[in-house]
Amino acid sequence: MPSDPLVAQHVLEFPGGYTRTTGPVIGRFLSELRARRIVGVRTAEGRVLVPPLEYDPATGEPVTGEYAEVGPAGTVTTWAWVDEPLDAHPLDRPFAWALIRLDGADTALVHALDPGDPKALKAGMRVWPVWRDRPTGHITDISHFVPEVTKIVSNVRAEYRLQAGGALRVFLAGIERGVFLGGRCERCQKVYVPYRLSCPECGAAIPETLELPDTGTITTFAINNLPDPRAPQVPFVSAYILLDTTDIPLIALIGDVPVHAVRQGMRVRAVWVPESERTASMANVRWFAPTGEPDVELS
Amino acid sequence: MREVAIVAFAQTRHTAHDTGLTEPELIAPVIDEVKERTGLTRFGFTCSGSCDYLAGAPFSFVSALDALAAWPPISESHVEMDGAWALYEAWVRLQHGDVDSALVYGFGKSSLGDLRTIMTLQLDPYYLAPLGLDQLSYAALQANAVGADRKELDEIVRRSRADGRSNPYALDLPEPDGEDFAVRPLKRTDVPPLTDGAAAIVLATGDLARRLCANPAYVTGIAHRTEPHYLGMRDLARSVSAADAARAAGVGKGPVEVAELHAQFPHEEILLRRALELGGDTRINPSGGPLAANPVMATGLIRIGEAARRIHDGAANRTVGHAAGGPCLQQNLVTVLEG
Chain F
235 MPSDPLVAQH
245 VLEFPGGYTR
255 TTGPVIGRFL
265 SELRARRIVG
275 VRTAEGRVLV
285 PPLEYDPATG
295 EPVTGEYAEV
305 GPAGTVTTWA
315 WVDEPLDAHP
325 LDRPFAWALI
335 RLDGADTALV
345 HALDPGDPKA
355 LKAGMRVWPV
365 WRDRPTGHIT
375 DISHFVPEVT
385 KIVSNVRAEY
395 RLQAGGALRV
405 FLAGIERGVF
415 LGGRCERCQK
425 VYVPYRLSCP
435 ECGAAIPETL
445 ELPDTGTITT
455 FAINNLPDPR
465 APQVPFVSAY
475 ILLDTTDIPL
485 IALIGDVPVH
495 AVRQGMRVRA
505 VWVPESERTA
515 SMANVRWFAP
525 TGEPDVELS
Chain G
8 MREVAIVAFA
18 QTRHTAHDTG
28 LTEPELIAPV
38 IDEVKERTGL
48 TRFGFTCSGS
58 CDYLAGAPFS
68 FVSALDALAA
78 WPPISESHVE
88 MDGAWALYEA
98 WVRLQHGDVD
108 SALVYGFGKS
118 SLGDLRTIMT
128 LQLDPYYLAP
138 LGLDQLSYAA
148 LQANAVGADR
158 KELDEIVRRS
168 RADGRSNPYA
178 LDLPEPDGED
188 FAVRPLKRTD
198 VPPLTDGAAA
208 IVLATGDLAR
218 RLCANPAYVT
228 GIAHRTEPHY
238 LGMRDLARSV
248 SAADAARAAG
258 VGKGPVEVAE
268 LHAQFPHEEI
278 LLRRALELGG
288 DTRINPSGGP
298 LAANPVMATG
308 LIRIGEAARR
318 IHDGAANRTV
328 GHAAGGPCLQ
338 QNLVTVLEG
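Residue numbers (this note's numbering), protein chains in the order written: chain F, 235 to 533; chain G, 8 to 346.
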């Protein structure tokens, strides 16, 4: 209440509300709504008015006594988006007003529409009513409309047991010691990391492992905005890192640096977890962090 | 048809806040001003336009008669519509031939309540009002149906406010900025300002008009048309009733130098320009229009008064005043004025 004695609050209210007779046409529509059906009335010219009126607005003639069930689905012809609903609005969350041409109707119904995502709103979208639990014969027996079902979510989950054998087992044994193991193809003279048993280019066997430095250069990177269990936070950077002396980059996280400071050519070093926590897993490498050396020109 | 002219027009210096004046106190100065300007103290007919829901008091227009000097009894009528429709009734009354002058006024204080939701009360009580459909929401529905270019809408608001700043009766509103939405696609700057105000016009016929005013603004055409109330029964992207009223009033029979349009939202101006077939030569709302001052129930009458003023002061020879009522331009009244 205002505190100024010269200002008063004045309320205009009809306690309990007005009692209004509906007449036969609107009464039929509201009775059908109570039974969870939407009907229109046919005009002498054969158009179906929804909601029904007693007189055809196009001609002024009384409508016929013929009612046609329409919808329940319809097509949005125009809409408006309410970011901040008022107390009297049908929904207490952001929603759209829409003009909806129900299937079988020649006119459009005004109602609320919850599209889920406002970006989904467009003229031509198909919508269906959501009914109130206890209809009473009122326009709000339809709580609101929602978009037609056009997609479902299907969950897929299968479990596997993966075992590191062969070259991967050798590589991870190196990781457990805090060393990146690679291998050189004697024919191609290329150094691959992780270690592999044969050269992917020429197929020659690579019998020996090669201990590699844990420093390298970022060749390219991505700023990731979706959470990943391995990443410390969102957004995070994943990068291709060309370890020194190698010819093939490996993928790792970049840390200890703001995401927008990461750049191509940046020098980085692996950050290992403390020795006591190490296992035969890439989790040993927390991420790569900048060394502070000058950037490298990438060829 | 009897020749009828607007011979005097007055309006309050509108305010964006409640000054605490009663309605008679708000009206009395403009009534006094048109009386003084015409020298008339009694009129053959009096008609006003207002809306009781603005003040939330029944028959508030009856108490407003205290501003008039209504004793001995006067011949008086009222429309629960914008004062422009009171002017129409007065024009019809003058056609009867037995009286030669009429006083018309419109007034409203939007500051007393929440206009946006008070406007819900004008909607049909079965299908629309129970949804709580409010003034900005239905205007936004129409704005989306029109689908006008955002730059064009922004320019209308900018021009209206700039013109309003040079109109001493309109509000001083800043250059529009900000991208906030009221109800999308309506921006907050697309919404007319809440305004309190009043206006009065004197109509006179034939010789009396020429005696009372150096440059009477003759009503050479006046007509109003309505559309179905329910929004879903109409094509909101067009204003059929405004086009019909404009044709009936004869807007297209000559060049229109100035058109004062009762466009409360910028998309309404675009709709009305098309409906009235106004070309680029016509100056729209040089007063600033409703986007610069919107004293509801007087706004439409002021459009006609502003259109007449251009003729009174010799600035124009043929002008158009337009008024609208109801949700989404349901009713439209078009007046053609000539010097």
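Simulated from the structure, these hints should not be mistaken for lab results.
What you are looking at is a predicted structure, and each value in this text was computed from that prediction instead of being measured.
In this text, a Cβ means the ideal position worked out from N, Cα and C, and glycines have one as well.
There's no promise every hint is true.
Stated by the list, open to error - Pairwise CB distance ranges, derived in the manner of DEER restraints:
no.: 1; chain 1: F; residue 1: Glu247; chain 2: G; residue 2: Trp78; range: 33 to 43 Å
no.: 2; chain 1: G; residue 1: Asp187; chain 2: F; residue 2: Val468; range: 21 to 31 Å
no.: 3; chain 1: G; residue 1: Asp242; chain 2: F; residue 2: Pro249; range: 20 to 30 Å
no.: 4; chain 1: F; residue 1: Arg270; chain 2: G; residue 2: Ala136; range: 31 to 41 Å
no.: 5; chain 1: F; residue 1: Ala269; chain 2: G; residue 2: Pro36; range: 55 to 65 Å
no.: 6; chain 1: G; residue 1: Pro80; chain 2: F; residue 2: Leu246; range: 25 to 35 Å
no.: 7; chain 1: G; residue 1: Asp156; chain 2: F; residue 2: Thr384; range: 24 to 34 Å
no.: 8; chain 1: G; residue 1: Gly46; chain 2: F; residue 2: Leu240; range: 36 to 46 Å
Stated by the list, open to error - Take a look, some chain F residues computed to stay more than 10 Å from chain G by CB distance:
no.: 9; residue: Leu240
no.: 10; residue: Arg254
no.: 11; residue: Pro258
no.: 12; residue: Asn389
no.: 13; residue: Asp462
no.: 14; residue: His494
no.: 15; residue: Glu511
no.: 16; residue: Thr525
Said to hold, decoys possible - Some, not all, of what chain F presents toward chain G, calculated at C-beta under 8 Å:
no.: 17; residue: Ala242
no.: 18; residue: Pro249
no.: 19; residue: Val259
no.: 20; residue: Thr293
no.: 21; residue: Thr309
no.: 22; residue: Thr312
no.: 23; residue: Val316
no.: 24; residue: Leu320
no.: 25; residue: Trp331
no.: 26; residue: Pro381
no.: 27; residue: Val383
no.: 28; residue: Ile386
no.: 29; residue: Thr513
no.: 30; residue: Ser515
no.: 31; residue: Met516
Hint-by-hint comparison with the structure:
{"no.": "1", "hint": "F:Glu247 to G:Trp78: 33 to 43 Å", "result": "holds, 35 Å"}
{"no.": "2", "hint": "G:Asp187 to F:Val468: 21 to 31 Å", "result": "holds, 29 Å"}
{"no.": "3", "hint": "G:Asp242 to F:Pro249: 20 to 30 Å", "result": "violated, 40 Å"}
{"no.": "4", "hint": "F:Arg270 to G:Ala136: 31 to 41 Å", "result": "violated, 23 Å"}
{"no.": "5", "hint": "F:Ala269 to G:Pro36: 55 to 65 Å", "result": "holds, 59 Å"}
{"no.": "6", "hint": "G:Pro80 to F:Leu246: 25 to 35 Å", "result": "holds, 30 Å"}
{"no.": "7", "hint": "G:Asp156 to F:Thr384: 24 to 34 Å", "result": "holds, 31 Å"}
{"no.": "8", "hint": "G:Gly46 to F:Leu240: 36 to 46 Å", "result": "holds, 38 Å"}
{"no.": "9", "hint": "Leu240", "result": "violated, 7 Å"}
{"no.": "10", "hint": "Arg254", "result": "violated, 6 Å"}
{"no.": "11", "hint": "Pro258", "result": "holds, 13 Å"}
{"no.": "12", "hint": "Asn389", "result": "holds, 35 Å"}
{"no.": "13", "hint": "Asp462", "result": "holds, 34 Å"}
{"no.": "14", "hint": "His494", "result": "holds, 26 Å"}
{"no.": "15", "hint": "Glu511", "result": "holds, 51 Å"}
{"no.": "16", "hint": "Thr525", "result": "holds, 45 Å"}
{"no.": "17", "hint": "Ala242", "result": "violated, 11 Å"}
{"no.": "18", "hint": "Pro249", "result": "violated, 15 Å"}
{"no.": "19", "hint": "Val259", "result": "violated, 10 Å"}
{"no.": "20", "hint": "Thr293", "result": "violated, 11 Å"}
{"no.": "21", "hint": "Thr309", "result": "violated, 12 Å"}
{"no.": "22", "hint": "Thr312", "result": "holds, 4 Å"}
{"no.": "23", "hint": "Val316", "result": "holds, 5 Å"}
{"no.": "24", "hint": "Leu320", "result": "holds, 6 Å"}
{"no.": "25", "hint": "Trp331", "result": "holds, 5 Å"}
{"no.": "26", "hint": "Pro381", "result": "violated, 17 Å"}
{"no.": "27", "hint": "Val383", "result": "violated, 24 Å"}
{"no.": "28", "hint": "Ile386", "result": "violated, 29 Å"}
{"no.": "29", "hint": "Thr513", "result": "violated, 53 Å"}
{"no.": "30", "hint": "Ser515", "result": "violated, 50 Å"}
{"no.": "31", "hint": "Met516", "result": "violated, 47 Å"}
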